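Using the sequences provided together with the hints, build the complete structure.
Just so you know, the sequences run in chain order A and B.
Quick note: the first sequence uses the numbering used here, first residue -18, plus one each step.
Quick note: the second sequence uses the numbering used here, first residue -18, plus one each step.
If you're looking for bench data, these hints aren't it; they were derived computationally from the structure.
Treat the hints with caution; some may be incorrect.
The list makes no distinction among identical chains, and a pair is therefore deemed to hold if it is satisfied within one copy or across any two copies.
Here are the simulated BS3-like pairs of lysine-lysine, each with C-alpha atoms no more than 30 Å apart in a straight line [to be verified]:
#, residue 1, residue 2
1, Lys79, Lys36
2, Lys(-10), Lys169
3, Lys53, Lys73
4, Lys36, Lys169
5, Lys169, Lys38
6, Lys220, Lys169
7, Lys169, Lys73
8, Lys35, Lys169
9, Lys207, Lys79
10, Lys35, Lys130
11, Lys220, Lys208
12, Lys188, Lys79
13, Lys35, Lys207
14, Lys188, Lys36
15, Lys1, Lys(-16)
16, Lys(-1), Lys227
17, Lys220, Lys152
18, Lys36, Lys208
19, Lys2, Lys(-10)
20, Lys169, Lys79
21, Lys(-10), Lys53
22, Lys208, Lys73
23, Lys130, Lys38
24, Lys1, Lys(-10)
25, Lys(-10), Lys188
26, Lys79, Lys(-1)
27, Lys2, Lys(-16)
28, Lys(-10), Lys152
29, Lys169, Lys2
Source: prediction; values computed, not measured.
Number of protein chains: 2
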Amino acid sequence: MNKTIETIKNHRSIRDYKSKKIDEAILNEIIIAAQSMPSSINGQQLSIVVIQDKKTKTLIAEHAGGQPWIAKAPVFLLFITDFFKTNLAAIKNGVTQKIHESIESTLVGAVDVGLSMGAAIIAAESLGLGIVPIGGIRRDPQAMIDLLKLPEMTFPVAGLSIGYPNSPSDKKPRLPLNTFRHDESYHKENLESDIDNYDVLMSSYLKTIGRSQEGNWSSRTSSVYKKVYFPNVLPVMIKQGFDNNK
Amino acid sequence: MNKTIETIKNHRSIRDYKSKKIDEAILNEIIIAAQSMPSSINGQQLSIVVIQDKKTKTLIAEHAGGQPWIAKAPVFLLFITDFFKTNLAAIKNGVTQKIHESIESTLVGAVDVGLSMGAAIIAAESLGLGIVPIGGIRRDPQAMIDLLKLPEMTFPVAGLSIGYPNSPSDKKPRLPLNTFRHDESYHKENLESDIDNYDVLMSSYLKTIGRSQEGNWSSRTSSVYKKVYFPNVLPVMIKQGFDNNK
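Here you go:
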């Protein structure tokens, strides 16, 4: 339909990067793109920590549970939800900020991180760069806070490794479109059979890329989601000043 | 730098639309773009309800606190976090899903909604369409659930109005880049003075567009964030099966 939509539809994760650096001008364009997205009430309650230092990236790779591509990629972006800045606005105006004491701040902060990271991904891919999002930074959020000196009322939500692809990667198929697009109201009718069909497709895809041990979509997803993983998220959120009980 | 990045950097909200419909082929491309974004563990824990019915849009405009542009736009997309589908995966594999009982599901669901909505925004704008994100659907989430028949373990996170712009709109300035981009670690040093400078800029911008009653960034943001707004979010999340205390 056009080059932008082609770029988006062509997305795939890249975990193998060339040693080639990313020019500062290019990196800054990606950050500006990320900042150009809308935010709830224009609160702009998010920040990005840009990490290029090899030692810091190596530490993050360990904190994320052993993900060597984080160290190998020339750039790592950490997206943080940031109610520290909006709290400075409250202090300036002589009022007490309350939003970080409600679930709304967690929701809005995370949506805004997603919007911004989405723009960074699309901008990077439009320039021939490859990316992989890193949820593993939530495995030990306190380590990220200490390492990157994140203040109170902030929380590290997601990371993004960026670099020039060293080898091509395959495009992962998605669930059938009608499990994702629901017209006029939610439609449950065909979800089971659509999942069955997707399991067959993913099983065959995983075989092709040499990861057949992952089974299929439903077996892999349910094996992760049968437990509360990343149990450190809640206590660290509370320590940072967030309260999800209002 | 290229057309895609130009599109992203040129983002602005559009609330005034032509009556012109959006072709089905174009709408579907936007939805496919939204589905092409990465999701945590490839769980694909989100869905979009596509609303074109005038009566439904009019009801949503009311539930969102009186936002007539929702009714006027030819298309409204509701982005929902969807652990109903991943629960079907659990049932198929004979395990009990636990993820929706932890804050991780709220975070991941919202980030994935943001990523997907980001792609929908950029895809739509690349085609000359205008958009405005609608957080107001969280004002009365139960009304959205009833109206659109959303099942348990789903939650309406954000909406998006899309249509052809009827009148141009101004591009809102952002906080200074160095409040957003932090190199190697978080930098608090100049935040207060950067906010002061941005307040002056926003005050002048708001005057230009005839909305001087909003004051400036810090006065407007702090006046919203001094209270827990959208107090219905938490009880409805709990009713839908989510628990943010693990």
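Results for each hint:
1. Proximity of Lys79 to Lys36 under the C-alpha cut-off of 30 Å is found in neither arrangement, the shortest distances being 37 Å within a copy and 36 Å between copies.
2. Taking the shortest Cα distances, Lys(-10) and Lys169 sit within 30 Å of each other inside one copy (26 Å), while across copies they are farther apart (38 Å).
3. With identical chains, the CA atoms of Lys53 and Lys73 are never at most 30 Å apart, being 42 Å at best within one copy and 38 Å at best between copies.
4. With identical chains, the CA atoms of Lys36 and Lys169 are at most 30 Å apart between copies only, with a shortest distance of 22 Å across copies and 49 Å within one.
5. In this assembly of identical chains, Lys169 and Lys38 lie within 30 Å of each other by CA distance solely across copies; the values are 22 Å between and 43 Å within a copy.
6. For the identical chains of this complex, Lys220 and Lys169 are inter-copy neighbours only, at 19 Å across copies versus 40 Å inside a copy, given an alpha-carbon limit of 30 Å.
7. Proximity of Lys169 to Lys73 under the C-alpha cut-off of 30 Å is restricted to the inter-copy arrangement: shortest distance 15 Å between copies versus 49 Å within a copy.
8. Proximity of Lys35 and Lys169 under a CA criterion of 30 Å is satisfied inter-copy only: 23 Å between copies versus 48 Å inside one chain copy.
9. Proximity of Lys207 to Lys79 under the C-alpha cut-off of 30 Å is restricted to the inter-copy arrangement: shortest distance 5 Å between copies versus 34 Å within a copy.
10. Proximity of Lys35 and Lys130 under a CA criterion of 30 Å is satisfied intra-copy only: 17 Å inside one chain copy versus 50 Å between copies.
11. For the identical chains of this complex, Lys220 and Lys208 are neighbours both inside a copy (23 Å) and across copies (21 Å), given an alpha-carbon limit of 30 Å.
12. Taking the shortest alpha-carbon separations for Lys188 and Lys79, only the inter-copy value of 28 Å comes in at or below 30 Å, while the best intra-copy value is 50 Å.
13. In this assembly of identical chains, the alpha carbons of Lys35 and Lys207 never lie at most 30 Å apart, being 36 Å within a copy and 41 Å across copies at closest.
14. For the identical chains of this complex, Lys188 and Lys36 are neighbours neither inside a copy (36 Å) nor across copies (48 Å), given an alpha-carbon limit of 30 Å.
15. Both within a single protomer and between protomers do Lys1 and Lys(-16) lie at most 30 Å apart by alpha-carbon distance, with minima of 25 Å and 24 Å respectively.
16. In this assembly of identical chains, Lys(-1) and Lys227 lie within 30 Å of each other by CA distance neither inside one copy nor across copies; the values are 47 Å within and 40 Å between.
17. Proximity of Lys220 and Lys152 under a CA criterion of 30 Å is satisfied in neither setting, with 39 Å inside one chain copy and 37 Å between copies.
18. Taking CA atoms no more than 30 Å apart as the test, Lys36 paired with Lys208 passes in neither setting, with 32 Å inside one copy and 42 Å between copies.
19. In this assembly of identical chains, Lys2 and Lys(-10) lie within 30 Å of each other by CA distance both inside one copy and across copies; the values are 26 Å within and 24 Å between.
20. For the identical chains of this complex, Lys169 and Lys79 are inter-copy neighbours only, at 21 Å across copies versus 38 Å inside a copy, given an alpha-carbon limit of 30 Å.
21. Proximity of Lys(-10) to Lys53 under the C-alpha cut-off of 30 Å is found in both arrangements, the shortest distances being 26 Å within a copy and 29 Å between copies.
22. Taking the shortest alpha-carbon separations for Lys208 and Lys73, only the inter-copy value of 16 Å comes in at or below 30 Å, while the best intra-copy value is 43 Å.
23. Taking the closest pair of Cα atoms, Lys130 and Lys38 come within 30 Å of each other only inside a single copy of the chain (15 Å); across copies the shortest separation is 45 Å, beyond that limit.
24. Both within a single protomer and between protomers do Lys1 and Lys(-10) lie at most 30 Å apart by alpha-carbon distance, with minima of 25 Å and 26 Å respectively.
25. Proximity of Lys(-10) and Lys188 under a CA criterion of 30 Å is satisfied intra-copy only: 23 Å inside one chain copy versus 40 Å between copies.
26. For the homomeric pair Lys79 and Lys(-1), neither the shortest alpha-carbon distance inside one copy (46 Å) nor that between copies (39 Å) is at most 30 Å.
27. For the identical chains of this complex, Lys2 and Lys(-16) are neighbours both inside a copy (25 Å) and across copies (23 Å), given an alpha-carbon limit of 30 Å.
28. Within a single copy, Lys(-10) and Lys152 get their C-alpha atoms as close as 9 Å, and across copies as close as 27 Å, so both meet the 30 Å cut-off.
29. Taking the closest pair of Cα atoms, Lys169 and Lys2 come within 30 Å of each other only across two copies (28 Å); inside a single copy the shortest separation is 47 Å, beyond that limit.
Hint violations for this structure: numbers 1, 3, 13, 14, 16, 17, 18, 26, all remaining hints satisfied.
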